[in-house]
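Work the whole structure out from these sequences, hints included.
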Amino acid sequence: MIRLDGWRVLVTGGGRGIGAACCRLFARAGAAVWVHYRSDEASADAVRAELESLSAEPHRVSAAEISEPSSVRGLLSAVDETWGRLDCVVNNAGIWVRNPIDELDVDRLQETLRVNVDGPFLVAREALPLLRRSRNASIVNITSTAGQRGEAFYSPYGASKGAIIAATKGWSTELAPDVRVNSVAPGWVDTEMCVEPFADGGRQAIEAGIPLGRVASPEDIAGPVLFLASPLARHITGEIVNVNGGSVLCG
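Under my numbering, the very last position in the sequence shown is 266; numbers go up by exactly one each time.
Honestly, the hints are just simulated from the structure, not real lab data.
Fair warning: there could be bad hints in the mix.
With beta-carbon atoms standing in for the labels, derived distance ranges [what the hints assert, rightly or not]:
#, residue 1, residue 2, range
1, D120, P84, 20 to 26 angstroms
2, R229, D120, 19 to 25 angstroms
3, P73, D117, 46 to 52 angstroms
4, E67, G165, 22 to 28 angstroms
Even glycine gets a Cβ: it sits at the ideal position worked out from N, Cα and C.
Below, the structure written as structure tokens:
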């Protein structure tokens with residue numbers, strides 16, 4: 016079992032899905048977790064209550080709009096005032112919105128890019144002074160197979176995740192040796208985001224194209240995130256770890 020006792024970890028979009036699974040796994044490993052959410056306060060509070068049952072660390076929860084510089088600055092200022100440092104940032108918050116190119120909705124396009132691209136950049140910028148106070152600092156960006164192969168009808172989403180894959184590689188050399196930067200790129204994951212495509216036999220059709228025969232659980236993604244953050248991965252930076260059951264072999 017990976018132990019991160021005394022660590023301080025920020026997870027954006029920590030109230031649901033992959034983010035919540037990451038929060039739980041870091042807490043089980045002994046870390047204190049700051050659960051960020053955008054609007055669903057009830058879910059985030061429920062996650063924090065669960066974390067408190069897993070460890071006695073000082074878990075926190077707060078809202079921020081990660082596409083807004085002042086909001087992100089406020090979030091990280093609160094972390095600084097409370098903890099004084101960060102050992103890991105998990106850039107997980109994001110949106111997935113259908114937007115076919117022949118019917119392109121510019122507002123949806125811009126929102127996708129603001130949340131999925133501006134957000135991780137702003138969080139990373141504001142978190143850097145706190146990360147540099149740690150001897151084990153890392154950023155783990157949650158990207159997607161869509162950022163590697165593209166995704167029909169969701170091309171703005173794929174473009175946004177491709178941008179963060181490129182950012183991961185750029186930051187990894189720019190911030191070395193102080194901060195390691197890696198990415199986990201999931202394929203299909205069993206979260207609320209995928210309820211619609213999984214309906215009416217969609218899930219079975221999707222699983223038929225996955226060599227391991229099933230859609231990932233959020234915990235399947237959280238495990239590699241925890242590993243990349245931990246000292247076991249201390250010589251890994253700039254990597255994109257694909258977690259898709261073998262459906263996209265691009266690593």
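(message) Are any of the numbered hints broken by this structure? If so, which, sorted upward?
(response) Going through the list in order, the structure violates hints 2, 4 and respects the others.
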